[in-house]
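Engineer: Sequence lines, in order, name chains A and B. According to the numbering used here, the first sequence is numbered sequentially starting from 289. According to the numbering used here, the second sequence is numbered sequentially starting from -3.
Quick caveat, the hints were computed from the structure, so don't treat them as lab data. Virtual Cβ for every residue (Gly too), placed ideally from N, Cα, C. There's no promise every hint is true.
Stated by the list, open to error - Restraint ranges, calculated between C-beta atoms of paired labels, are given here:
hint	chain 1	residue 1	chain 2	residue 2	range
1	B	S229	A	S416	19 to 29 Å
2	B	S123	A	G349	54 to 64 Å
3	A	Q383	B	I227	39 to 49 Å
4	A	E319	B	K151	17 to 27 Å
5	B	I205	A	S416	28 to 38 Å
6	B	H237	A	R392	34 to 44 Å
7	A	F315	B	Y146	36 to 46 Å
8	B	I205	A	K427	41 to 51 Å
9	B	L230	A	K427	34 to 44 Å
10	B	E173	A	T419	33 to 43 Å
Claimed, not checked - Which chain A residues face chain B? A few, computed with CB under 8 Å, are given here:
hint	residue
11	T403
12	F405
13	F408
14	K409
15	I412
16	S416
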Amino acid sequence: MRWTRIYSVKMVFNRYVEVGRVAMITFGPEEGKLGVIVDVVDQSRALVDGPCSGVRRQTIGFNWLALTNIVIKIAPSQRSGGIRKVWEKSDVKSQWENSSWAKRLADKSKRRQMTDFDRFKLKIAKQSKRTIVKSKVKKLKKEQSAQ
Amino acid sequence: MGDNEKTAHSPRNRRLAGGVMRHSRSAMYRKKALYKRKKSVVQKTQVKEKRFKTKPIGGEKNGKERVVPFQKRRRYYPTEDIPRLRKHRKRPKPAKLRASIRAGTVLILLAGAHRGKRVIFLKQLPSGLLLVTGPFKLNGCPLRRVDQSYVIATKTQISLNEIKIPERLTDKTFKREKKKKSRREEDMFESTGDEVPKPTPERLEDQKIVDRQVLDAVKEVPQLKSYLSSIFSLKKGQYPHSILF
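Given only the sequences and the hints, what does the whole structure look like? Please build it.
Structural biologist: Okay, structure coming up:
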């Protein structure tokens, strides 16, 4: 007798450490780069490789990895060449860049790169946006109260 | 030993290890035959020249003349010896210009009357100070000298390759004139009056010449004009060490 699930159970964790899970490396020399989990070494470490993102094949602890929702189909301990093909085929790069996570990171780095002049321009842009919105709201309120 | 042209003898003495000479002083005396060459000491009769002059004096009973020294003695002798200061021959080099500061860079002034203002850097003067201009019309900062240490260099730059700064703008033109203190009684009680010295017509002319060129370059960059008119201040959550200028 086969158990069939009538309803899907929502687990606490949705992203698992598995072969093919794309993760972002959050510490160390490869910080900020994407790598795919090729194999699990033990309770705390995984073999990670990122031939297209400039990450050398190496063991990285789970502490240094942040799992993304991207999974690619590779075999355990697959070699870098094969990984590269799968990575490019699944277009991990655009999947990643379209994610809100990547967009948030890009915004953060943009803010940090702002010069004094950029901050001034931002201030002016915010001010003008505010005035446009306020005047529109005022207009609408007036129309509503007139009705 | 009677030649007028004395040729040098080959060295009689030599240095041994340890800084010791081969022949002692007395041995050298013998070698050089200095007993034969005794110099006659010429006694210089030192005539103490007292520099006096005779001066005619008025008044009947004063004697018609008086002998008076050329150099008067001091009026005041200090009770303690004042140490004599040595001459300082070394002069400090003019400050090296930071790599981030180039002609046309927007600088933020951190001190002085124009603190917080964003100004345009023109060039470094020979004294090491930076010549900047507001431009005057935008933020009221005139052609001015500013110390590099009291300035933040932003990454914003305008192209000032072809700018011509009048040659008469040197350190001297900006140097403040020291008022000569006169010891006359009348002047001591006169009110000095805090008068701001008015700019000379040459300075006004130079300001116009420079600002015209700078403003032309400023106009090419959108929003730069209003940026230079605004004043910089640190906002909450902004830490100078962690933000880019």
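Engineer: None of the hints should be skipped; say for each whether it holds.
Structural biologist: For each hint, the structure was consulted:
1. B/S229 / A/S416: 19 to 29 Å: holds (21 Å)
2. B/S123 / A/G349: 54 to 64 Å: holds (58 Å)
3. A/Q383 / B/I227: 39 to 49 Å: holds (46 Å)
4. A/E319 / B/K151: 17 to 27 Å: holds (25 Å)
5. B/I205 / A/S416: 28 to 38 Å: holds (35 Å)
6. B/H237 / A/R392: 34 to 44 Å: For B/H237 and A/R392 the Cβ distance comes to about 24 Å; the hint is violated.
7. A/F315 / B/Y146: 36 to 46 Å: With a Cβ separation near 40 Å, A/F315 and B/Y146 satisfy 36 to 46 Å, so the hint holds.
8. B/I205 / A/K427: 41 to 51 Å: The hinted range 41 to 51 Å holds for B/I205 and A/K427, with Cβ atoms some 49 Å apart.
9. B/L230 / A/K427: 34 to 44 Å: holds (37 Å)
10. B/E173 / A/T419: 33 to 43 Å: Violated - the Cβ-Cβ distance for B/E173 and A/T419, about 50 Å, lies outside 33 to 43 Å.
11. T403: Where the cut-off is 8 Å and the nearest Cβ of chain B is about 4 Å from A/T403, the hint holds.
12. F405: holds (4 Å)
13. F408: holds (5 Å)
14. K409: Because about 6 Å separates A/K409 from the closest Cβ in chain B, which is inside the 8 Å limit, the hint holds.
15. I412: holds (7 Å)
16. S416: violated (11 Å)
Going down the numbered hints, you'll see the structure goes against 6, 10, 16, while the others check out.
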